[in-house]
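Sequence lines, in order, name chains R and F. According to the working numbering, the first sequence is numbered sequentially starting from 1. According to the working numbering, the second sequence is numbered sequentially starting from 1.
Misleading hints may appear alongside valid ones.
Same chains, same names: a pair is fine if it fits in one copy or spans any two.
Simulated pairs of lysine-lysine, DSS-like, Cα-Cα distance not exceeding 27 Å [as the list claims (entries may be wrong)]:
no.: 1; residue 1: Lys-330; residue 2: Lys-253
no.: 2; residue 1: Lys-195; residue 2: Lys-464
no.: 3; residue 1: Lys-195; residue 2: Lys-381
no.: 4; residue 1: Lys-452; residue 2: Lys-473
no.: 5; residue 1: Lys-195; residue 2: Lys-212
no.: 6; residue 1: Lys-100; residue 2: Lys-45
no.: 7; residue 1: Lys-26; residue 2: Lys-381
no.: 8; residue 1: Lys-464; residue 2: Lys-253
no.: 9; residue 1: Lys-452; residue 2: Lys-408
no.: 10; residue 1: Lys-381; residue 2: Lys-222
no.: 11; residue 1: Lys-286; residue 2: Lys-330
no.: 12; residue 1: Lys-312; residue 2: Lys-212
no.: 13; residue 1: Lys-473; residue 2: Lys-104
no.: 14; residue 1: Lys-381; residue 2: Lys-19
no.: 15; residue 1: Lys-381; residue 2: Lys-312
no.: 16; residue 1: Lys-30; residue 2: Lys-19
no.: 17; residue 1: Lys-222; residue 2: Lys-212
no.: 18; residue 1: Lys-3; residue 2: Lys-19
no.: 19; residue 1: Lys-100; residue 2: Lys-253
no.: 20; residue 1: Lys-222; residue 2: Lys-195
no.: 21; residue 1: Lys-170; residue 2: Lys-26
no.: 22; residue 1: Lys-222; residue 2: Lys-312
no.: 23; residue 1: Lys-452; residue 2: Lys-212
no.: 24; residue 1: Lys-307; residue 2: Lys-408
Don't read these hints as lab results, they were simulated from the structure.
2 protein chains.
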Amino acid sequence: MFKDASLEEIDVIMQESRKAFLVYSKYSLKQRAAFMYAIAEELEKAGDALIQTAMSETHLPEARLRGERARTMFQLTSYADACVNGQWLDARIDTAIPDKTPPKPDIRKMLVPLGPVVVFGASNFPFAYSTAGGDTACALAAGCSVVVKAHPAHEATSQMVAEAIWAAAKRTGMPDGLFAHVHGRGFETGEALVKHPHTAAVGFTGSTAGGKQLFDWGNQRKVPIPVFAEMGSINPVFLLPGKLGEAAAETAKQYAGSITLGVGQFCTNPGLLIGVEGEGLQTFIKTLGQEIAQVAPATMLHPGIAKAYNSKKELALSQEGVETIGKAAKEAAEFDGAALVATATGAEFLRNPVLHQEVFGPYSLVIRCKDATELQAVAEKLEGQLTATLMANDSDVATHATLIDAIKGMCGRFIMNGVPTGVEVCLSMQHGGPYPATTDSRYSAVGADGIKRFARPLSFQGWKNEWLPDELKDENPLGIWRTINNTLSNGSVSRK
Amino acid sequence: MFKDASLEEIDVIMQESRKAFLVYSKYSLKQRAAFMYAIAEELEKAGDALIQTAMSETHLPEARLRGERARTMFQLTSYADACVNGQWLDARIDTAIPDKTPPKPDIRKMLVPLGPVVVFGASNFPFAYSTAGGDTACALAAGCSVVVKAHPAHEATSQMVAEAIWAAAKRTGMPDGLFAHVHGRGFETGEALVKHPHTAAVGFTGSTAGGKQLFDWGNQRKVPIPVFAEMGSINPVFLLPGKLGEAAAETAKQYAGSITLGVGQFCTNPGLLIGVEGEGLQTFIKTLGQEIAQVAPATMLHPGIAKAYNSKKELALSQEGVETIGKAAKEAAEFDGAALVATATGAEFLRNPVLHQEVFGPYSLVIRCKDATELQAVAEKLEGQLTATLMANDSDVATHATLIDAIKGMCGRFIMNGVPTGVEVCLSMQHGGPYPATTDSRYSAVGADGIKRFARPLSFQGWKNEWLPDELKDENPLGIWRTINNTLSNGSVSRK
Chain R
1 MFKDASLEEI
11 DVIMQESRKA
21 FLVYSKYSLK
31 QRAAFMYAIA
41 EELEKAGDAL
51 IQTAMSETHL
61 PEARLRGERA
71 RTMFQLTSYA
81 DACVNGQWLD
91 ARIDTAIPDK
101 TPPKPDIRKM
111 LVPLGPVVVF
121 GASNFPFAYS
131 TAGGDTACAL
141 AAGCSVVVKA
151 HPAHEATSQM
161 VAEAIWAAAK
171 RTGMPDGLFA
181 HVHGRGFETG
191 EALVKHPHTA
201 AVGFTGSTAG
211 GKQLFDWGNQ
221 RKVPIPVFAE
231 MGSINPVFLL
241 PGKLGEAAAE
251 TAKQYAGSIT
261 LGVGQFCTNP
271 GLLIGVEGEG
281 LQTFIKTLGQ
291 EIAQVAPATM
301 LHPGIAKAYN
311 SKKELALSQE
321 GVETIGKAAK
331 EAAEFDGAAL
341 VATATGAEFL
351 RNPVLHQEVF
361 GPYSLVIRCK
371 DATELQAVAE
381 KLEGQLTATL
391 MANDSDVATH
401 ATLIDAIKGM
411 CGRFIMNGVP
421 TGVEVCLSMQ
431 HGGPYPATTD
441 SRYSAVGADG
451 IKRFARPLSF
461 QGWKNEWLPD
471 ELKDENPLGI
481 WRTINNTLSN
491 GSVSRK
Chain F
1 MFKDASLEEI
11 DVIMQESRKA
21 FLVYSKYSLK
31 QRAAFMYAIA
41 EELEKAGDAL
51 IQTAMSETHL
61 PEARLRGERA
71 RTMFQLTSYA
81 DACVNGQWLD
91 ARIDTAIPDK
101 TPPKPDIRKM
111 LVPLGPVVVF
121 GASNFPFAYS
131 TAGGDTACAL
141 AAGCSVVVKA
151 HPAHEATSQM
161 VAEAIWAAAK
171 RTGMPDGLFA
181 HVHGRGFETG
191 EALVKHPHTA
201 AVGFTGSTAG
211 GKQLFDWGNQ
221 RKVPIPVFAE
231 MGSINPVFLL
241 PGKLGEAAAE
251 TAKQYAGSIT
261 LGVGQFCTNP
271 GLLIGVEGEG
281 LQTFIKTLGQ
291 EIAQVAPATM
301 LHPGIAKAYN
311 SKKELALSQE
321 GVETIGKAAK
331 EAAEFDGAAL
341 VATATGAEFL
351 RNPVLHQEVF
361 GPYSLVIRCK
371 DATELQAVAE
381 KLEGQLTATL
391 MANDSDVATH
401 ATLIDAIKGM
411 CGRFIMNGVP
421 TGVEVCLSMQ
431 HGGPYPATTD
441 SRYSAVGADG
451 IKRFARPLSF
461 QGWKNEWLPD
471 ELKDENPLGI
481 WRTINNTLSN
491 GSVSRK
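Please model the entire structure based on the sequences and the hints provided.
Here it is as structure tokens:
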């Protein structure tokens with residue numbers, strides 16, 4: 001439908017992006033925010049046509065897509081608010097001490113934008129983590145220009161969103177080339193974008209293989225650049241005996257919902273449920289199987305994802321000691337995802353790395369450990385995760401300190417007595433985690449703290465007040481919070 | 001003198017470091033700080049013997065080493081203060097909104113330590129950026145265990161500092177293995193440390209080749225880890241016409257001091273001085289040559305550095321169009337560094353990449369540009385730098401906006417009318433910069449913000465107050481600054 005960008009076109013786009021960056025990076029925080037608010041408005045103005053296009057490309061239901069567009073607008077406006085608030089700038093001011101030996105100069109520091117950012121959107125979030133999604137919003141707030149590579153699975157949706165962004169750029173007076181949008185089905189497009197000398201950082205949401213490839217390209221450049229790849233996760237859930245004793249069936253019902261939400265196509269989908277053999281776990285398994293049977297199959301995002309889901313599910317089920325607990329009773333159409341939950345022992349899980357692999361879709365594996373020691377061994381064997389969850393009552397928490405430590409070490413978000421699906425957009429959200437969940441556990445892909453991915457500190461030493469950026473001027477014209485001589489303050493600075 | 005660690009010994013050390021991490025990472029901020037204060041005290045107690053050992057190994061003068069030990073103690077105590085202050089934790093709290101659809105859970109986030117950190121000390125700072133130096137202090141403040149590889153050029157000094165750290169650990173009740181110290185002359189030791197599965201991060205100060213190798217090893221691991229390498233820099237200084245018209249000779253005298261400070265063995269040594277042809281630059285060059293002639297040669301850190309200095313200096317001087325302006329009049333002994341300044345045209349500099357290379361020692365190259373356009377071209381051709389300096393009067397600043405933008409883009413610290421040598425230890429200091437100055441421009445190796453290199457955010461969702469770490473509890477028992485529902489506060493939280 002859309003023409004792939006040639007290498008020559010990519011070069012021109014990156015040159016233009018660099019030029020636009022040099023202009024935009026000097027725009028005020030308010031000007032950046034005005035652009036972001038305008039993008040949110042244009043997304044709304046794109047109306048039903050945008051929703052219809054996304055429905056036809058992604059097979060996601062209308063209500064979900066309307067909700068996701070609203071979330072995308074909220075991200076843009078709340079990150080714009082955070083941009084103006086300026087707390088993310090980590091402004092620090094240390095005033096001069098002229099009579100120190102040697103004299104201490106006046107030094108001030110703040111975050112400055114990195115440069116053009118290349119964004120690879122997610123297939124499973126055509127709005128919120130794609131063209132005008134979280135990475136784009138963070139990069140724009142940071143003061144960077146953005147080049148998005150459209151996801152081939154929703155390229156028409158992506159094009160419409162790009163047009164909304166251009167309309168917003170035009171009416172808020174943004175420089176040409178600040179936002180660019182390229183199509184490309186082969187890996188060559190992505191490779192050229194990551195390796196272009198003007199590219200300063202990369203945001204990616206998708207598979208482990210894809211993210212790792214971009215990470216490697218980023219590191220192998222003459223000038224390495226940060227690649228923030230949010231990749232796979234099986235989001236383990238630990239079911240403790242006290243909690244199951246109180247609420248095994250309720251917990252199973254809660255998890256049947258979380259496993260099958262959005263046909264299981266969330267990076268926070270709970271793919272592994274781990275408990276200790278006993279009556280509680282038996283009740284949990286039985287109820288989970290019954291609940292899953294009632295979930296109707298539904299069309300997955302695209303045929304490739306449906307095929308991968310079925311083959312990975314079959315691979316898991318073909319492993320020794322893996323038994324099906326329950327599966328969707330209704331027959332599945334060709335590109336549907338049909339829910340299935342299986343079980344295996346802790347010993348099998350510890351032995352067989354295939355069982356550790358993510359099966360992207362409405363699938364989950366219940367691990368039956370023979371005792372708390374084996375449960376601990378399973379926890380310690382797991383790779384880095386976006387989330388981990390503990391289902392526990394007070395007594396469970398009191399008696400599982402070592403398990404809780406192990407869980408803290410493996411994940412970016414630790415949920416107590418809840419489900420991992422549902423990622424709030426707020427400052428306290430960490431959507432990230434130790435490798436291989438992401439390539440950089442020190443940053444979040446959700447929440448305004450994600451802005452910091454695309455900025456670096458710059459110190460200004462010995463500058464006259466009038467030469468400094470407004471963010472660092474004595475009189476604090478922007479009214480932001482700054483750390484002045486080691487104390488937080490939203491006031492002004494008195495120079496001696 | 002000391003035995004190199006075998007691969008088996010390194011494995012045992014890393015296992016012990018991991019065990020110690022699991023204990024220490026749960027110690028309170030105050031307990032971590034108590035250890036760090038004790039290290040500072042033990043360094044002082046090590047007395048004259050430590051200074052004498054360092055003098056014999058590094059050939060640095062006594063006053064410098066006494067000053068550097070004091071700086072190291074200040075780093076330890078001031079980062080300990082910052083650790084307790086808790087602002088570095090970036091604590092964020094978003095309270096629950098139960099009547100939202102879907103209900104918004106309570107989420108709280110703070111930084112948690114990464115794991116065992118491997119530190120490679122610098123040859124040019126036997127105290128401040130070595131065994132108990134900035135990287136070690138930051139890692140301990142973050143809650144990490146530390147394994148230091150002693151620099152072979154000052155291994156006895158390093159051993160004495162390690163013993164001071166062990167004495168401090170003992171009297172403050174730290175777990176065994178929290179700090180470990182290994183010797184190793186070959187690259188195998190470093191490789192084994194960076195590649196060990198328990199290593200979670202690496203700090204390095206040294207050459208570009210060495211830092212880049214560690215960075216590559218860190219990225220090529222099964223689980224990649226961050227490698228913070230602070231590498232080379234030529235620290236360009238831009239001499240603008242207005243400033244030179246007012247103060248060419250004074251500026252030359254100031255720079256003769258900065259170029260030769262510590263026999264030029266600072267990573268912030270100004271290796272490149274760039275101006276536009278004219279009377280002012282001629283006066284600057286003439287005075288600089290005269291001043292440099294008067295600087296007596298002095299012994300460099302070790303014979304390897306002296307040899308490298310001489311061969312790189314000879315290479316630079318052998319390039320077409322490079323002429324000596326002035327050199328130390330007094331004859332140099334075998335391992336002395338003799339100061340020398342040379343000059344070349346802007347055209348030669350733009351043509352010849354050899355002239356862009358760092359010559360570590362008391363050497364600097366003055367570039368004579370034919371006009372402001374060529375000056376701008378030189379600025380745009382430069383690689384990433386730790387520092388860049390502008391010598392300018394008000395009128396120069398007003399007429400060089402494009403140059404100022406280019407300088408901002410290349411460096412981590414932008415000095416106005418000063419010298420780059422002299423790195424203050426304070427929050428506003430950025431000691432870092434775009435590649436190849438460092439491998440990660442988003443972090444500082446100096447100042448308490450460096451603590452963040454060794455930590456990552458962890459979100460706690462739906463936790464009861466009593467289960468949360470003290471840092472995130474409602475009542476704010478530590479009295480730290482936290483962002484509560486998007487507003488900074490050092491108060492408590494009221495849960496609905």
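Structure-based check of each hint:
1. Lys-330 <-> Lys-253: within (19 Å within a copy, 86 Å between copies)
2. Lys-195 <-> Lys-464: Classified as neither; 39 Å inside a copy, 47 Å across copies.
3. Lys-195 <-> Lys-381: Between copies only: 19 Å across chains, 35 Å inside a chain, cut-off 27 Å.
4. Lys-452 <-> Lys-473: Both: 21 Å inside a chain and 26 Å across chains, each within 27 Å.
5. Lys-195 <-> Lys-212: Answer is both; intra-copy 14 Å and inter-copy 18 Å each pass.
6. Lys-100 <-> Lys-45: between (60 Å within a copy, 26 Å between copies)
7. Lys-26 <-> Lys-381: between (48 Å within a copy, 21 Å between copies)
8. Lys-464 <-> Lys-253: between (64 Å within a copy, 23 Å between copies)
9. Lys-452 <-> Lys-408: both (23 Å within a copy, 18 Å between copies)
10. Lys-381 <-> Lys-222: between (36 Å within a copy, 15 Å between copies)
11. Lys-286 <-> Lys-330: The answer is within: 19 Å in one copy meets 27 Å, while 90 Å across copies does not.
12. Lys-312 <-> Lys-212: Classified as within; 20 Å inside a copy, 38 Å across copies.
13. Lys-473 <-> Lys-104: within (18 Å within a copy, 38 Å between copies)
14. Lys-381 <-> Lys-19: Between. Shortest inter-copy distance 16 Å satisfies the 27 Å Cα cut-off; intra-copy 48 Å does not.
15. Lys-381 <-> Lys-312: Answer is within: at 21 Å inside a copy they meet the 27 Å cutoff, but 50 Å across does not.
16. Lys-30 <-> Lys-19: within (21 Å within a copy, 49 Å between copies)
17. Lys-222 <-> Lys-212: both (18 Å within a copy, 11 Å between copies)
18. Lys-3 <-> Lys-19: within (25 Å within a copy, 55 Å between copies)
19. Lys-100 <-> Lys-253: between (67 Å within a copy, 21 Å between copies)
20. Lys-222 <-> Lys-195: The answer is both: 9 Å in one copy and 23 Å across copies each meet 27 Å.
21. Lys-170 <-> Lys-26: Within one copy only: 18 Å inside a chain, 52 Å across chains, cut-off 27 Å.
22. Lys-222 <-> Lys-312: between (37 Å within a copy, 23 Å between copies)
23. Lys-452 <-> Lys-212: both (21 Å within a copy, 24 Å between copies)
24. Lys-307 <-> Lys-408: neither (34 Å within a copy, 50 Å between copies)
Going down the numbered hints, you'll see the structure goes against 2 and 24, while the others check out.
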